[in-house]
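Participant: Taken in order, these protein sequences are the chains called A and B.
Counting from 1321, one number per residue, gives the positions in the first sequence under the working numbering.
Counting from 1321, one number per residue, gives the positions in the second sequence under the working numbering.
Derived from the structure by calculation, the hints contain no laboratory data.
The reader is advised that the hints may include incorrect statements.
Said to hold, decoys possible - With a straight-line Cα cutoff of 30 Å, these simulated DSBU-like cross-link-like pairs (lysine-lysine) come out:
hint, chain 1, residue 1, chain 2, residue 2
1, A, K1637, B, K1457
2, A, K1567, B, K1503
3, A, K1637, B, K1697
4, B, K1668, A, K1744
5, A, K1503, B, K1765
6, B, K1763, A, K1778
7, B, K1668, B, K1637
8, B, K1765, A, K1771
Number of protein chains: 2
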Amino acid sequence: MFSKVLKTYTGRANGFYRNLSQKLPEFTKNVFDVSRGNYNYINDGHIDYFRRVLGTNRVITNPEDAEKYNVDWFSQVRVCPQGGNTGVNGGSIPVFDEVIISTELMNEIISLDEDSGVLVCQAGCILETIDNKAATKDLIVPLDLGAKGSCQIGGNVSTNAGGLRLLRFGNLHGNILGLEVVKADGEILDCLGTLKKDNTGYHLKHLFIGSEGTLGFVTKVSIQCPSRPKYINVAFLGLQNFNKALKTLKLLRYRLGEILSAIEMIDYCSMDFIKNVVGQQSPIGDYPFYLLIETSGSNALHNEEKLNSFLEESLQKALVLNGTVANEPNKVQDIWSIRENIPNGFQKVASKMLYYDVSVPLAHYYTIVDDVADYAKDISERVFGFGHIGDGNLHLHIQLKNDLTKEVKSNFDSFILEKIVRYKGSISAEHGVGFTKAKLMDKIKPPSTLKVMKDLKKLMDPNGILNPYKIFI
Amino acid sequence: MFSKVLKTYTGRANGFYRNLSQKLPEFTKNVFDVSRGNYNYINDGHIDYFRRVLGTNRVITNPEDAEKYNVDWFSQVRVCPQGGNTGVNGGSIPVFDEVIISTELMNEIISLDEDSGVLVCQAGCILETIDNKAATKDLIVPLDLGAKGSCQIGGNVSTNAGGLRLLRFGNLHGNILGLEVVKADGEILDCLGTLKKDNTGYHLKHLFIGSEGTLGFVTKVSIQCPSRPKYINVAFLGLQNFNKALKTLKLLRYRLGEILSAIEMIDYCSMDFIKNVVGQQSPIGDYPFYLLIETSGSNALHNEEKLNSFLEESLQKALVLNGTVANEPNKVQDIWSIRENIPNGFQKVASKMLYYDVSVPLAHYYTIVDDVADYAKDISERVFGFGHIGDGNLHLHIQLKNDLTKEVKSNFDSFILEKIVRYKGSISAEHGVGFTKAKLMDKIKPPSTLKVMKDLKKLMDPNGILNPYKIFI
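From just these sequences and the hints, can you work out the full model?
Facilitator: Written out as structure tokens, the structure is:
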């Protein structure tokens, strides 16, 4: 029925740091203090079975061929149980010798209903592909990420991906109508509903949204696509300080309300970094803070009037010092590319970079960047703060003077954890727990909550065979 | 800590039909074929314990005082485990001699953060009360029901209530940020997060949204409140047939997009019924179908321009035959009162009324009303179809010539179930399963799905003490 690929792991995994003179990253199991579970080792009998069930060309055992599934985007950990392998907390890659089941051939769009806006597809469909399909019917997939060209919807669902337009369309728990899931015992769980309202019994699909493949393997997805906004405007604004950014947020919600589709914050360091590393300048000169605003709606004139009225008021109230607006697709894309180039640029100094994806209540949204900059002043080049401020989601990156070591990472983890707990934030806003944050779970969750999570894991996967070493250690 | 009320059940329950010459409805246990579980009977020792823990005035055992908790809004079944008791499938009332824990004194609004729009409150807060609180900060609670003046947010969450503006704000799975829940073993589960993005482990709160109090007792709720739309417009339109209504829906989404906040359908029979029974006339004369459209947004002029442009086009394309619009609050309320008076009017003929709350894909949304009218032609006065067509949610009511009997109900249940299964709809769109639909669960869910649901129930409530006889029988 499904076009599945199954690969066996090569037996090597990498660590969060790497020796740049080596071509391959270090083994995960060597870098992190983790013990292999009491699982069977893969033998020729298993391989033969997989080949019989899936076909010879669907099983990869050659180490070179398996390489791209074993190293994730950040080259941080090194194995792949599923999806587009665009995760950044090691949730999609194995730790020891786990078998990788890739969804990449499960890429069929099953249906798109124009009247209801419901799109049903296999888990391996690339996000951009299904959004392009939705666009043919004036619909939009209500999720948009930097990785949209390679991430897969099954992985998005399993990570509860957030992204750029959560502000407008809400989260996946609200937009996913149904899932087909393969349980640990191989049984297919058909929750692939296509109705917006269905209150018949427990809403099982939510178990699998954000549980990172540890409770079940998502194979099909049904998603509600709203009308595609016809007209997009963006504004790129320069501000004097973070306090003005907060006040601007309030004015934005008040004046732009229903047409607001994204509010991104970029700090001076982030902008300066891409100027120097990527060669992209701010279109309005240098300011301590920038906001990138996107509006989208069904009437071009109305959108512009609202945006202009907001801009006039924000300049008049001295909330905003300078700004530029765009509505032509090329210019809109130019402005968005500033934001997108930040994580791309960081790739160039990956071995010296530490990153955190946190949620912080707005009052402390930038305080924590200052805290970290102060804490890190002797060993860091720069500390960067940027992200989806409209949803309280901050991406916090630290560029070190030297290559990252285990000890330095551990110290920063502890420092940031302590601040996040104090500010009542979250240590993972949208990237999930994966492997790298699993050890923090017992520091951030009350025992009663952790117990229910572990009970659920035991119920759904009694032998612990689904994505082991992830979420819990 | 919490102001709880605990009452013992009087020992009487009613059925879905009743003898109008009697003051009290019939016992549930006598009407339905259901056996009492192997639970302890309440004795004086229990009552003393409750009094000691909660205080003497928090325990009600006098039958007269307990009456209002034992009969629900439709006088259909007869006991109350929690909430505002506005449910219509018997989910909120006991079947045998269950103890009722009412949330009505847990009515404290704990916090409202203006910047983030997060409202945190106890479960017994009345929906309208928290919405009024949100309004003081230009925010809106993203849920609106006919019962908003008496339903409680804890009950709304437990039923996954849908209501009038789901079209605009999405469902509770998307809008509830956190819950505090008391487990069956008395342990408090603190998932009362206030962050829009928090991907740290399993998203436990979703277990309790829509599980009707059978997995845990919701005691506190944290909800994301968006900006309150400043300007509301409504249009009341007359149409020639259902096919034109479908085409109008498409044009509505295309032209009104982001400002659409509700689309309700009313058929001729429903309108005619409230003319005769409630004395309220259609403001535009008689038509086979009516649509009530609500738009809401941040700029009055823009809203009106969009709505007028839609109306011109819909008249020009002969989709709509006639219509009236309103923007003054009183007139807006007058038009909404047409829709709200339909279920209110039905109360007057409750003993002869059968009702279904179903989801149906749009292509068959009204086909099922015709199917039922045809099936029921000899024994019914009228068949009514109305509801949240923008979300595919139909309220289907049948007024019989005679008082409802068990046999007639059973026949209709089977007929509608068969149609709903064929049209790939849902037998409960927003009202839940409760007691009255529990027997249908094994007819609509695959065994694998039912098994996971029952496994979850056993995990969270091993002794089956939370809202027994509900969802599963």
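Participant: Determine for every hint whether it applies to the structure shown.
Facilitator: Against the structure, the hints:
no.: 1; hint: K1637(A) to K1457(B); verdict: holds (21 Å)
no.: 2; hint: K1567(A) to K1503(B); verdict: violated (41 Å)
no.: 3; hint: K1637(A) to K1697(B); verdict: violated (67 Å)
no.: 4; hint: K1668(B) to K1744(A); verdict: violated (51 Å)
no.: 5; hint: K1503(A) to K1765(B); verdict: holds (17 Å)
no.: 6; hint: K1763(B) to K1778(A); verdict: holds (28 Å)
no.: 7; hint: K1668(B) to K1637(B); verdict: violated (40 Å)
no.: 8; hint: K1765(B) to K1771(A); verdict: holds (29 Å)
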